[in-house]
Amino acid sequence: MEATQFGEPPLFGLYHPATGDRPRGRGVLICPPIAHEHIRAHRALRFLSVQLAREGFDVLRFDYFGVGDSAGDSEEAQVAHWQADVGAAAKELRALAGIESLAVLGVRFGATLAATATGLPAVEHLVLWDPVLDGQQYLLRMEEMHRAMLVDSRSFQHPRQERPGPGLLGFPFGPSLRAGISACDLRGLHRWPSGRVTVVKGGDASKVEPFVKELRQRGISATLRQASTAVDWEDRDAVGRSLTAGDVQGAILASLLEGRS
Amino acid sequence: MKERAYAFGEGGGLFGILTEPEEASQRPFVILLNAGLVHRVGPFRVSVDLARRLAALGFSTLRMDLSGLGDSTPRPGEPDLHRRVVADLRDAMDFLAQRRGARRFVVGGICAGAINAHRAAVADPRVAGLIMLDGYAYPTPQFLLRRYGPRLANPAAALRFVGRQLSNLVAPQPAATPSEDDEILSQDFPPKDRIAAELRQFVERNLALLFIYSGNWYLYFNYREQIRDNFPDVPFGDRLTVEHFPEADHTYTLLEDRERLFAAVLGWMREKFG
Numbered sequence: 001m002e003a004t005q006f007g008e009p010p011l012f013g014l015y016h017p018a019t020g021d022r023p024r025g026r027g028v029l030i031c032p033p034i035a036h037e038h039i040r041a042h043r044a045l046r047f048l049s050v051q052l053a054r055e056g057f058d059v060l061r062f063d064y065f066g067v068g069d070s071a072g073d074s075e076e077a078q079v080a081h082w083q084a085d086v087g088a089a090a091k092e093l094r095a096l097a098g099i100e101s102l103a104v105l106g107v108r109f110g111a112t113l114a115a116t117a118t119g120l121p122a123v124e125h126l127v128l129w130d131p132v133l134d135g136q137q138y139l140l141r142m143e144e145m146h147r148a149m150l151v152d153s154r155s156f157q158h159p160r161q162e163r164p165g166p167g168l169l170g171f172p173f174g175p176s177l178r179a180g181i182s183a184c185d186l187r188g189l190h191r192w193p194s195g196r197v198t199v200v201k202g203g204d205a206s207k208v209e210p211f212v213k214e215l216r217q218r219g220i221s222a223t224l225r226q227a228s229t230a231v232d233w234e235d236r237d238a239v240g241r242s243l244t245a246g247d248v249q250g251a252i253l254a255s256l257l258e259g260r261s
Numbered sequence: 001m002k003e004r005a006y007a008f009g010e011g012g013g014l015f016g017i018l019t020e021p022e023e024a025s026q027r028p029f030v031i032l033l034n035a036g037l038v039h040r041v042g043p044f045r046v047s048v049d050l051a052r053r054l055a056a057l058g059f060s061t062l063r064m065d066l067s068g069l070g071d072s073t074p075r076p077g078e079p080d081l082h083r084r085v086v087a088d089l090r091d092a093m094d095f096l097a098q099r100r101g102a103r104r105f106v107v108g109g110i111c112a113g114a115i116n117a118h119r120a121a122v123a124d125p126r127v128a129g130l131i132m133l134d135g136y137a138y139p140t141p142q143f144l145l146r147r148y149g150p151r152l153a154n155p156a157a158a159l160r161f162v163g164r165q166l167s168n169l170v171a172p173q174p175a176a177t178p179s180e181d182d183e184i185l186s187q188d189f190p191p192k193d194r195i196a197a198e199l200r201q202f203v204e205r206n207l208a209l210l211f212i213y214s215g216n217w218y219l220y221f222n223y224r225e226q227i228r229d230n231f232p233d234v235p236f237g238d239r240l241t242v243e244h245f246p247e248a249d250h251t252y253t254l255l256e257d258r259e260r261l262f263a264a265v266l267g268w269m270r271e272k273f274g
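Protein chains in written order, with the numbering used here: chain C, 1 to 261; chain W, 1 to 274.
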């Protein structure tokens with residue numbers, strides 16, 4: 001694993017070069033979730049990166065502007081900036097690994113960003129783990145969780161009356177960032193960065209089945225891969241805890257290996 | 001401000017990000033530890049924000065992952081958590097001494113991170129200051145009065161409380177399945193006598209101590225003078241600063257609470273080491 005900083009202002013990334021006996025000459029760019037989900041997923045994505053590198057992939061996971069270890073205050077984050085960050089990270093991975101062939105794995109809103117990224121070179125395969133399909137619903141749900149937290153005696157000794165502000169579950173979501181997230185709706189997305197999309201869903205997949213069907217109708221080679229480990233991203237008690245990917249990790253690996261040598 | 005990632009320690013297994021002001025100074029270096037299992041950025045990125053604000057004041061900060069956490073690899077051959085933590089911190093201080101000539105350190109953490117910071121201070125004389133968020137505290141008569149007094153004044157509430165305590169005593173407890181994660185998350189407070197002896201040692205070494213407690217720690221701490229009452233024989237003088245944010249939760253989730261936390265830490269750093 002090697003740390004890398006790229007772009008200006010610099011984004012932080014961790015590069016896992018292929019370590020297996022059979023390097024595949026193929027890169028996997030990991031686009032993590034945002035905000036509290038970013039922190040929850042860190043450990044699972046580290047394990048996944050190590051496993052993918054062992055399987056011969058060159059892997060880059062990185063933090064968007066204003067997220068994790070990258071430059072920028074959380075208050076400055078913008079969706080358009082993040083979408084461009086995905087493109088910049090893809091180019092960084094291709095340069096680091098000296099490869100052309102690229103798959104992108106996006107997790108939650110990271111999946112949304114991967115699908116709507118700007119400046120992205122050709123992507124052979126887009127893998128979306130529990131993608132946020134509807135940005136507006138995503139924000140509404142976070143707002144509900146935030147309101148519930150303020151009156152939860154396990155968090156606060158006394159119910160809190162918060163001053164009006166941008167805070168949602170510990171992170172600032174200003175008007176511009178909220179507008180950018182609300183505008184994201186993968187169900188209405190016409191230009192996809194890859195002709196091959198796999199949606200990986202842990203637990204009940206009924207909500208994403210119509211989305212996968214719709215992709216197929218648009219001529220995209222779309223696959224739904226189910227796993228039994230359901231990550232409850234909307235569990236308020238889990239905010240701040242590391243998640244366990246369980247067999248989702250295997251499902252992602254199998255998706256990336258499928259039809260490839 | 002400059003930021004760069006480093007791998008250090010034996011075999012480069014430890015990982016951290018060093019945030020430095022544009023101009024080097026003789027001030028102590030700050031080391032921020034993991035809060036529970038959260039990687040080095042801290043809950044809600046609190047360690048990143050704090051490191052950058054400290055850099056604006058002229059302090060360099062390493063936010064690091066202890067072995068086996070975040071992006072640091074496990075430390076082989078050392079099964080004891082306490083010894084691992086001390087060895088990790090020693091490696092971090094050695095690294096900063098070699099690379100930047102650092103001689104004094106302020107170590108800080110939340111919860112288990114606070115207890116780990118204390119351990120590092122006991123083991124290494126280079127630690128000049130401690131920032132402990134929701135670290136140890138022990139009951140005192142005043143603590144108990146504040147905690148249980150309101151119930152005692154209300155007979156119905158007192159009965160409900162006694163009933164709950166009795167049912168807790170007889171209810172079957174779930175079987176324990178300890179894991180390494182559990183070990184990190186559920187560290188008990190050390191015995192009070194031992195802490196008293198170690199705090200006396202800190203005072204002799206002239207360590208600056210900042211103890212901050214959130215409202216979420218109400219089961220252990222509920223008034224500002226509690227630490228001095230816990231250790232009446234330790235001549236803290238002005239070496240100990242205690243802050244209490246009863247309205248805040250354990251990880252300072254609300255932005256307004258975090259601003260108050262930052263103001264307390266930055267003000268203390270400026271006063272003691274600026």
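Hints listed in this document are in silico derivations from the structure and should not be mistaken for laboratory results.
Treat the hints with care, as some may be off.
Stated by the list, open to error - Derived pair list, reagent style SDA-like, types lysine to any residue, alpha-carbon separation capped at 20 Å:
hint, chain 1, residue 1, chain 2, residue 2
1, C, Lys213, C, Thr244
2, W, Lys2, C, Thr229
3, C, Lys207, C, Thr229
4, W, Lys2, W, Pro76
5, W, Lys2, C, Pro10
6, W, Lys2, C, Thr4
7, W, Lys2, C, Ala3
8, W, Lys2, C, Lys207
9, W, Lys2, C, Ala230
10, W, Lys272, W, Asn230
11, C, Lys213, C, Ser194
12, W, Lys272, W, Tyr220
13, W, Lys2, C, Gln5
14, W, Lys2, C, Asp73
15, W, Lys2, C, Glu76
16, W, Lys2, C, Phe6
17, C, Lys213, C, Asp232
18, W, Lys2, C, Pro159
19, W, Lys2, C, Glu2
20, W, Lys2, C, Thr223
21, W, Lys192, W, Asn230
22, W, Lys192, W, Lys272
Comparing the hints with the structure gives:
1. C:Lys213 x C:Thr244: violated (28 Å)
2. W:Lys2 x C:Thr229: violated (41 Å)
3. C:Lys207 x C:Thr229: Distance ~16 Å between Lys207 (chain C) and Thr229 (chain C) Cα, so the pair holds.
4. W:Lys2 x W:Pro76: Roughly 32 Å separates the two Cα atoms, so the pair is violated.
5. W:Lys2 x C:Pro10: Between Lys2 (chain W) and Pro10 (chain C) the Cα gap is close to 11 Å, so the pair holds against 20 Å.
6. W:Lys2 x C:Thr4: holds (14 Å)
7. W:Lys2 x C:Ala3: Roughly 15 Å between the alpha carbons, so the hint for Lys2 (chain W) and Ala3 (chain C) holds.
8. W:Lys2 x C:Lys207: violated (45 Å)
9. W:Lys2 x C:Ala230: This hinted pair is violated, its Cα atoms lying about 40 Å apart.
10. W:Lys272 x W:Asn230: At roughly 24 Å apart (the allowed maximum being 20 Å), Asn230 (chain W) and Lys272 (chain W) break the hint.
11. C:Lys213 x C:Ser194: Satisfied, since the Cα-Cα distance of roughly 16 Å is no more than 20 Å.
12. W:Lys272 x W:Tyr220: This hinted pair is violated, its Cα atoms lying about 27 Å apart.
13. W:Lys2 x C:Gln5: holds (12 Å)
14. W:Lys2 x C:Asp73: holds (14 Å)
15. W:Lys2 x C:Glu76: holds (19 Å)
16. W:Lys2 x C:Phe6: holds (14 Å)
17. C:Lys213 x C:Asp232: violated (24 Å)
18. W:Lys2 x C:Pro159: This hinted pair is violated, its Cα atoms lying about 40 Å apart.
19. W:Lys2 x C:Glu2: This hinted pair holds, its Cα atoms lying about 19 Å apart.
20. W:Lys2 x C:Thr223: Distance of about 44 Å is beyond 20 Å: violated.
21. W:Lys192 x W:Asn230: holds (8 Å)
22. W:Lys192 x W:Lys272: This hinted pair is violated, its Cα atoms lying about 27 Å apart.
When the structure is compared with the earlier hints, violations turn up for hints 1, 2, 4, 8, 9, 10, 12, 17, 18, 20, 22 and for no others.
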